[in-house]
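A.B. asks: Each chain is listed here by its residues.
There are 2 protein chains.
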Amino acid sequence: MSTDAVVTTAAYEACPVTGVLRIIGDKWSPAVLRLLAERGHGFNELDRSIEGISRRMLTRTLRSLEESGYVLRTPYGPAPARVEYTLTARGRSLREQLRALGQWASVHDTGP
Amino acid sequence: MSTDAVVTTAAYEACPVTGVLRIIGDKWSPAVLRLLAERGHGFNELDRSIEGISRRMLTRTLRSLEESGYVLRTPYGPAPARVEYTLTARGRSLREQLRALGQWASVHDTGP
Chain A
0 MSTDAVVTTA AYEACPVTGV LRIIGDKWSP AVLRLLAERG HGFNELDRSI
50 EGISRRMLTR TLRSLEESGY VLRTPYGPAP ARVEYTLTAR GRSLREQLRA
100 LGQWASVHDT GP
Chain B
0 MSTDAVVTTA AYEACPVTGV LRIIGDKWSP AVLRLLAERG HGFNELDRSI
50 EGISRRMLTR TLRSLEESGY VLRTPYGPAP ARVEYTLTAR GRSLREQLRA
100 LGQWASVHDT GP
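Respectively, the protein sequence lines represent chains A and B.
The first sequence begins at 0 in numbering that gives the first Met the number 0 and counts up by one.
The second sequence begins at 0 in numbering that gives the first Met the number 0 and counts up by one.
Misleading hints may appear alongside valid ones.
[Claimed, not checked] Below, simulated EDC-like cross-link-like pairs (lysine to aspartate or glutamate); rule was C-alpha separation at most 16 Å, straight line:
#1 A/Lys26 to A/Glu50
#2 A/Lys26 to B/Glu12
#3 A/Lys26 to B/Asp46
#4 B/Lys26 to A/Glu12
#5 B/Lys26 to A/Glu37
#6 B/Lys26 to B/Asp46
Calculated from the structure, these hints are not laboratory results.
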């Protein structure tokens with residue numbers, strides 16, 4: 000381990016931006032955030048709307064977004080209750096950050 | 000494959016922000032961008048300055064940042080030439096985006 004590390008693992012892990020980058024750098028979170036920014040969606044709706052995502056990955060992505068406080072999961076209707084996913088205020092605010100990054104990216108032509 | 004997909008794989012891959020998110024969502028790129036934003040660094044300097052990164056991952060991260068136009072690799076001095084890595088204008092601009100995201104993240108308390 001380098002003794003004169005400027006960027007230590009501890010500092011890196013504690014940095015607030017690290018948590019955000021994990022979310023937005025994840026393959027499917029941006030797509031889910033984008034759809035939920037339009038309106039609330041049910042699980043199957045999200046599954047149908049995102050090409051290539053498995054139900055397992057959608058479950059994992061939604062749980063991670065929920066745990067990070069970006070998405071709210073609301074059961075509704077008689078049992079077996081249906082569920083709607085919506086963006087929280089923090090989720091909407093993150094979506095704005097993504098939109099700004101998208102504008103920056105289109106100006107700087109950063110296609111993959 | 001879902002026929003009524005709103006977020007198709009093709010559209011997702013072509014979206015400029017996807018390319019940027021791949022870079023900044025990658026484990027080590029933000030740390031390299033941060034160090035190079037301060038000043039140019041040699042390979043060994045970067046290796047010593049980032050705790051936990053392997054030389055193989057540093058090589059891969061630098062190559063990806065170079066290919067995306069964020070980092071410039073400049074050989075200098077007599078053979079075997081030494082190399083300095085610096086941020087391009089696009090790299091400095093991306094670094095500003097990361098800084099803005101960091102400010103957003105510290106306000107929204109998004110620790111990992």
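A.B. asks: Taking the hints in turn, state whether each one holds.
C.D. replies: Here's how the hints hold up against the structure:
| no. | hint | in the structure |
| --- | --- | --- |
| 1 | A/Lys26 to A/Glu50 | holds, 12 Å |
| 2 | A/Lys26 to B/Glu12 | holds, 11 Å |
| 3 | A/Lys26 to B/Asp46 | violated, 27 Å |
| 4 | B/Lys26 to A/Glu12 | holds, 11 Å |
| 5 | B/Lys26 to A/Glu37 | violated, 30 Å |
| 6 | B/Lys26 to B/Asp46 | holds, 14 Å |
Hints 3, 5 from the earlier list are contradicted by this structure; the remaining hints agree with it.
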